[in-house]
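Since the structure of chain A is provided, determine the placement of chain B on it from the hints.
2 protein chains.
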Amino acid sequence: MNSEAQEIVIKPIGTVHSPRVEAIDDNWGSVVSKIQLDPTQFDEQSLWGLLDFSHCEVIYFMHGVSPEQIEKTARHPRNNVNFPKVGIFAQRAKSRPNRIGVSRCRVISVKGLEVTVQSLDAIDGSPVLDIKPYMEEFAPIGDVYQPKWSREIMSQYYQK
Amino acid sequence: MNSEAQEIVIKPIGTVHSPRVEAIDDNWGSVVSKIQLDPTQFDEQSLWGLLDFSHCEVIYFMHGVSPEQIEKTARHPRNNVNFPKVGIFAQRAKSRPNRIGVSRCRVISVKGLEVTVQSLDAIDGSPVLDIKPYMEEFAPIGDVYQPKWSREIMSQYYQK
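The listed protein sequences correspond, in order, to chains A and B.
Per our numbering, the very first residue in the first sequence carries number 1; after that it's consecutive.
Per our numbering, the very first residue in the second sequence carries number 161; after that it's consecutive.
So here's chain A without its partners, still in its complex pose (with noise of 0.2 Å):
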């Protein structure tokens, strides 16, 4: 595998502007913040319509995690031994290959190359990859399952 010729070069389309600065755990639940699209890329014709959507998926770069944080085998959810040791592809930690964020949020306007949103986890100055609307049949089909430690870990992110 010639692992040179395979990388992927990615222009960010945009950039969050939050109140949060640092990379906090939890209570993102009441966090707004705006996504500013790049204007020498787009004009306000590419969010045409997203407002008609309740939630859309934000894929940002987690800019503030550097090369060398980044874990490749398995390490315990926030470093707290009382969780299992799992794999990176196992848990949503930060420090992860290639620091790649997605999540939904929802979207509370739409104004020129501007989108502000709820409960987005990306802090500020983050580079925006995509913005996707959510729509409902993408979610889990069938029945959904995760581990104790994974609802442990999520009991406070969201909250207000």
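Treat the hints with care, as some may be off.
[Stated by the list, open to error] In silico DSBU-like links for lysine-lysine, alpha-carbon gap of 35 Å or less: (1) K94(A) <-> K232(B); (2) K308(B) <-> K72(A); (3) K171(B) <-> K11(A); (4) K148(A) <-> K320(B); (5) K308(B) <-> K194(B); (6) K34(A) <-> K320(B).
Calculated directly from the structure, the hints in this document are not laboratory data.
Chain B alone, transformed into the frame defined by chain A:
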């Protein structure tokens, strides 16, 4: 804004092996595919615990889309004039900036560096950028709504 300076280089973590070699709009429900992690970067510890989740989110690169196909403004979804013209960020068309796909799919099995999944809407050979476990707490919070055209488009997408 210095666009050159902010480009982000992504190194795929693995590859999708799917029976589907062409992008087809519908009937992804029964498609079973395998995600093979790159053995030069990862060992099986990176997937520990993933099978305790019913679903994962796969972030992948839609390599079948050429740069010339990318839409940056508004278009009719599926190029069907019966649907309203909406912005590229208000639809999930593959011909989008950065060509990143994000989908939930069922985790069927994990064996070494290989994850078998059901209903992943990525064609054969798609580079995988990340795998995240699906946690219900990350589902949209509050009322969810979406326009009628999106319901029509999705009606057979995950049909088996």
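Status of the hints after comparison with the structure:
| no. | hint | verdict |
| --- | --- | --- |
| 1 | K94(A) <-> K232(B) | holds (29 Å) |
| 2 | K308(B) <-> K72(A) | violated (42 Å) |
| 3 | K171(B) <-> K11(A) | holds (14 Å) |
| 4 | K148(A) <-> K320(B) | holds (31 Å) |
| 5 | K308(B) <-> K194(B) | holds (33 Å) |
| 6 | K34(A) <-> K320(B) | violated (39 Å) |
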